[in-house]
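Enquirer: Taken in sequence, the protein lines are chains A and B. So that you can map any letter, position 57 of the first sequence is 57 in the numbering used here, and since no number is skipped, the others follow by simple counting. Each position in the second sequence, counted from 1, maps to that position plus 112 in the numbering used here.
Source of the hints: derived by calculation from the structure; they are not laboratory data. All values reported here derive from a predicted model rather than from experimental measurement. Hints may be right or wrong, so weigh each one.
What the hints assert, rightly or not - Keeping only pairs whose Cα atoms sit at most 20 Å apart, straight-line, the calculated EDC-like set for lysine to aspartate or glutamate is: (1) B:138 to A:57; (2) A:44 to B:210; (3) B:182 to B:127; (4) A:38 to A:59; (5) A:44 to A:59; (6) A:38 to B:117; (7) A:38 to B:178; (8) A:44 to B:178; (9) A:44 to B:195; (10) B:168 to B:178; (11) A:52 to A:85; (12) B:182 to B:205.
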Amino acid sequence: DAMVIQNPRYQVTQFGKPVTLSCSQTLNHNVMYWYQQKSSQAPKLLFHYYDKDFNNEADTPDNFQSRRPNTSFCFLDIRSPGLGDAAMYLCATSSNAGETQYFGPGTRLLVL
Amino acid sequence: SQQGEEDPQALSIQEGENATMNCSYKTSINNLQWYRQNSGRGLVHLILIRSNEREKHSGRLRVTLDTSKKSSSLLITASRAADTASYFCATEDNFGNEKLTFGTGTRLTIIP
Chain A
1 DAMVIQNPRY
11 QVTQFGKPVT
21 LSCSQTLNHN
31 VMYWYQQKSS
41 QAPKLLFHYY
51 DKDFNNEADT
61 PDNFQSRRPN
71 TSFCFLDIRS
81 PGLGDAAMYL
91 CATSSNAGET
101 QYFGPGTRLL
111 VL
Chain B
113 SQQGEEDPQA
123 LSIQEGENAT
133 MNCSYKTSIN
143 NLQWYRQNSG
153 RGLVHLILIR
163 SNEREKHSGR
173 LRVTLDTSKK
183 SSSLLITASR
193 AADTASYFCA
203 TEDNFGNEKL
213 TFGTGTRLTI
223 IP
């Protein structure tokens, strides 16, 4: 089945230690999104790629970076995680901007 | 910034009853979407309604859209325990931003 896959499902890192979260899709969608979601809050968009074009949200901290080496894969790099970065990170895809988004199961990040 | 505000924030009903959730937004939109999120999981797309549509049905779901009031409602009929989840509305504005903005969500609990 076509799907959005996120690895790992749970990630524990230390304060200040770089961490990379990965997302892959078999839907061949043009657009990939990264969201941060904290407990009982709405998902907050960090950035998205429309094909190879990177779009950063104005309030996304510089600590967060992303790479999309090909259509199928997208990575979220957190260069120096702080305690406030502990959250669920959701990857999503859509065939076109603004259309239905298909979400992965998320990676829950814990920062010690 | 949050585009949508949802009401109520939390709702508990008996199994078999109908559940209604409301979403208000601020800007002109191309479409409005509803998503469900089970605890600790990714979001699942439920229904998309375009700005020129007023009502849409999918199984036990009924969505209405009133662009003059900038509001939408999601009705779940004959609720089941499996409907327990958080429900989010999300809007695509017509400013060409290529993204969805999520509301604050309604936590629905179905009591068996």
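Enquirer: What hint numbers does the structure not satisfy?
Expert: When the structure is compared with the hints, numbers 3, 7, 8, 9, 11 turn out to be violated.
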